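Trainee: Listed below are the residues making up each chain.
Number of protein chains: 2
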Amino acid sequence: MAPPHVLLNAFEMNAVGHLAHGVWSHPEDRATGYRRIGYWMELARILERGLFDGLFLADVTGVYDVHGGGAATAIERAVQLPVNDPAVLVPAMAAVTRHLGFGITADVSAEPPHLFARRMSTLDHLSDGRLAWNIVTGFLDSAARATGAAGTLPHDDRYDRADDFMQVAYKLWEASWDDDAVIRDRAARRYADPAKVRAVRHDGPYFRLDAIHLAEPSPQRTPVLFQAGASARGLDFAAAHAECIFIPADGGPGTRAIVQRIEDRLAAAGRDRSAVKIFGSLQTVIGRRRAEAVEKYHDYAAHAVPEAALAQLSAATGIDFGSLDPDAPIPIPPGGGNAIRSILAGLGSAGEGPPTVRRLLAGLALGGRFRPLIGSAGEVAEEIGRRVAESGIDGFNLVRTVAPGSFIDAADLLVPELQARRLYKTGYAEGTLREKLFGRGPRLGAGHPAAAVRTGQGRAGQGGAGQGRAGQGRGE
Amino acid sequence: MAPPHVLLNAFEMNAVGHLAHGVWSHPEDRATGYRRIGYWMELARILERGLFDGLFLADVTGVYDVHGGGAATAIERAVQLPVNDPAVLVPAMAAVTRHLGFGITADVSAEPPHLFARRMSTLDHLSDGRLAWNIVTGFLDSAARATGAAGTLPHDDRYDRADDFMQVAYKLWEASWDDDAVIRDRAARRYADPAKVRAVRHDGPYFRLDAIHLAEPSPQRTPVLFQAGASARGLDFAAAHAECIFIPADGGPGTRAIVQRIEDRLAAAGRDRSAVKIFGSLQTVIGRRRAEAVEKYHDYAAHAVPEAALAQLSAATGIDFGSLDPDAPIPIPPGGGNAIRSILAGLGSAGEGPPTVRRLLAGLALGGRFRPLIGSAGEVAEEIGRRVAESGIDGFNLVRTVAPGSFIDAADLLVPELQARRLYKTGYAEGTLREKLFGRGPRLGAGHPAAAVRTGQGRAGQGGAGQGRAGQGRGE
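Protein chains in written order, with UniProt numbering: chain A, 1 to 476; chain B, 1 to 476.
Any given hint might turn out to be false.
Claimed, not checked - Stretches of chain B that chain A covers, calculated by requiring three or more beta carbons in the stretch to come under 8 Å of a beta carbon on chain A:
id : stretch
1  : 53-66
2  : 74-82
3  : 89-95
4  : 102-112
5  : 206-215
6  : 236-246
7  : 391-399
What the hints assert, rightly or not - Among chain B residues calculated to face chain A with C-beta under 8 Å, some are:
id : residue
8  : SER25
9  : GLY38
10 : PRO329
11 : SER376
Claimed, not checked - Ranges of calculated distance between the beta carbons of each label pair, as one might list FRET restraints:
id : chain 1 : residue 1 : chain 2 : residue 2 : range
12 : B       : ARG184    : A       : GLU295    : 42 to 50 Å
13 : B       : ALA195    : A       : PRO27     : 24 to 32 Å
14 : A       : ASP299    : B       : ARG184    : 17 to 25 Å
15 : A       : ARG49     : B       : GLU295    : 33 to 41 Å
16 : B       : ALA429    : A       : GLY38     : 19 to 27 Å
17 : B       : ALA429    : A       : ARG184    : 52 to 60 Å
Think of the hints as simulated: they come from the structure by calculation, not from any bench. Only a predicted model underlies this, so the values are computations on that prediction, with no experimental measurement involved. By construction, the Cβ of each residue, glycine as well, lies at the ideal position given by its N, Cα and C atoms.
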């Protein structure tokens, strides 16, 4: 039996610096063009040329102000600051592509549910059903202070709030308009049937609402749901809601154990493994020959700023690495151990012995915490195939080193080598992003919590191939 | 001296039905295509062909559920429902135009200020400084219930809250990053100067915040500000903040008095008349000859649904017109008199005597409350010139009857006639939307409240031609 195809998303951010800090300064890097819409339209074309499944846009709504006790490093080195709104990029990119999916990160701690739900429906309409949403709960006190709060909620409370947010969003997306509510009867001048549209009500611990969803049903209704929870509570949330799960692993040693943990949670939640795609994250440096790739790597590394990556790690862990003795073992605060250990464990080049700041910096040679996979396109393709087979993941988010050069290399050099090994599709499937990814219908299946809120004719449209779309009259 | 040029915005909504209810059912109407991004890109091209100053997108975040005691008419007739997010349309339209401005309506009662401010900055970047924001405070209880509130705040409290929101937004846009904060020094790998970026703090009656603005300075920083307040408190708000003011008048009798009231308020607020553009709203039905226009009017009217317009009027006034005796005088509730009288006064064809529902319906023959200006392009151009000269307004928001046919008629028939009479520009001015409209710098001038919050180098960039832009390095 042929191995399943590897899924690939481009991992990006509406920002100068994403995960290879400092490399924006490379002469070939064009990330400072993020403020122009043409930059994004060109990227979308590159990715569709490479049959990428999606462009995945990270986001953060605060700044990294732990390192050095302030945001100076983040500001100076463009460490995910400035960072612009990702959602507004989608329609222009959708206009120049037919198949590429668009994953938007949005923080349930910061968005008002009804306007957010409408924006997502709008994007799903305008992209003809190619929208995904990466659900995040917000971990930065600086982001919480931007909402007027004193700081973030405790970790598990954030997920309780996220659960409540999801219920509101599901109701708006799935229960307010029936599949056959929109009739567009020009002769009778009737656009929709009032008997098939209703206000949805919610009275939860965090959110209240009594409203008709402002948008008519979009092709997928609920966008494809991505999530990256790594804690116990986060994994439970992901096992309940996510269709695609990001894991903090590159497919190498240790990845299989993470995948197993997710599979156990899915089983406990009563969801089939085939209902979820698991994505690792991978940074590649690819050349036509190995020597060219190695040369590129050193060239990129010469432009990277490892200290800038430290600013991001400081915010992620709550440890001010700038204040530590670079050669002393990093003190792991009680209670904060999991996230920190998982981050440090990912830094392979940190060397033996207890982690120190100096070892951390050595592991951040490309300005971020990924161990790059360096080689000829054929070598990288081989290794990707091996990692997917061994770890049980379904694909990767590809991290850019130079923008958009890393994605051009992936589309034009890596993808043909993956295809030659039958590891990658040779054309897109038709239909919405959900149909492309899962080969079933455009809507969430009956086993998903979103299906539980459906009412009226909406209940009939659960997941079956082609179902749920018939009544939406997109062909008009 | 030549008369000043008439300004023209297209008045639209990301919806099937905007202000000519029922006419979506006309065979030539393509408004049901609002769900496709190509529809909007084509509209933007049409408008730029006609040298329109802007595309102005209305919005509403609730439903019209007063008429008949529910939303049935609004749902059935697509009375501004469904209504999709307007902001996400801008970048794709900006990509296919160079000069057209984009006015986005957003409700300060529903948006979280920090994410909203970032979205606007992002759009100002992506459109290269062509963004405007129509500030609304929300008047629908149904919109308030969608936020979890029991209903809207009292009218004047809504404006107090809006004032507080503006302070937060101004601080984020104008005071967080200095003009010369962004350096993009590749050799030194320094993107910005930390000494010139700061968290802004606000502790107001409605909003609190302590945050660095996530977006670097956009060409205009604060978008061009539109407002349409008609009450005493609303006019005060507009006189303080707005650069462009919409008035509920079509340039005919009564318009001059409204303009005078605004001019008095501006003087009281210490703002120069030249710092503000005043826009009426106008619906035109234009033919190559007058007879063709009259024929079009009857054709459109045959597809309109006046009862649908009544649903919108019911929500705007709080009176359920569906429950009234059609021939009895409409009872005007104490306290709610101003808005209702102003609306009824605009309905010229309502006839003599006290307003009744039957007379109202007669005034809604095109499915909305505008008295259409019907004639050959030359006749309409003449009349527009006359109205602008007599009323003292600066231009019009043009209401569509059929989409996009009404705008095609305006661009291709009306505009040449206006130009022939030297009433309209023959080319766009260069620069941002603010520069195009006011011929001064890209940023708000020193007399505006936004300028009062500026700090550091930002203070130097107040309004002078070309100033405030030098440090932003857009040319990189």
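Trainee: For the stretch 391-399 of chain B, do at least 3 residues have a Cβ located nearer than 8 Å to some Cβ of chain A?
Mentor: Violated: only 0 residues of the stretch 391-399 of chain B have a Cβ under 8 Å from chain A.
Trainee: Do the numbers back the hint for SER25 of chain B, that is, is its least Cβ distance to chain A under 8 Å?
Mentor: 4 Å, holds
Trainee: Within 17 to 25 Å: is that where the Cβ-Cβ distance between ASP299 of chain A and ARG184 of chain B falls?
Mentor: 20 Å, holds
Trainee: Please check whether PRO329 of chain B passes as an interface residue: C-beta within 8 Å of a C-beta belonging to chain A.
Mentor: This interface hint is violated because 29 Å lies over the 8 Å limit.
Trainee: Within 19 to 27 Å: is that where the Cβ-Cβ distance between ALA429 of chain B and GLY38 of chain A falls?
Mentor: Roughly 23 Å apart at Cβ, these two residues keep to the hinted range, so it holds.
Trainee: Counting residues of the stretch 89-95 of chain B with a beta carbon closer than 8 Å to any beta carbon of chain A, are there 3 or more?
Mentor: With 6 residues closer than 8 Å to chain A, the stretch 89-95 of chain B meets the three-residue bar; holds.
Trainee: Has the hinted range 33 to 41 Å been met by the Cβ atoms of ARG49 of chain A and GLU295 of chain B?
Mentor: 50 Å, violated
Trainee: Quick check: does the Cβ-Cβ distance between ALA429 of chain B and ARG184 of chain A fall within 52 to 60 Å?
Mentor: At 41 Å between Cβs, range violated.
Trainee: Confirm or reject the coverage of the stretch 236-246 of chain B by chain A under the rule of 3 or more residues with a beta carbon closer than 8 Å to the chain's beta carbons.
Mentor: violated (count 0)
Trainee: With a cut-off of 8 Å between beta carbons, are at least three residues of the stretch 74-82 of chain B near chain A?
Mentor: holds (count 6)
Trainee: Using C-beta distances, would you say chain A covers the stretch 53-66 of chain B, given that this needs three or more residues below 8 Å?
Mentor: holds (count 3)
Trainee: So, as I understand it, the hint says GLY38 of chain B touches chain A; can you test that by seeing if any CB pair is closer than 8 Å?
Mentor: OK, holds: GLY38 of chain B within 8 Å of chain A, min 7 Å.
The structure fails to meet hints 6, 7, 10, 11, 12, 15, 17 from the earlier list, while all remaining hints are met.
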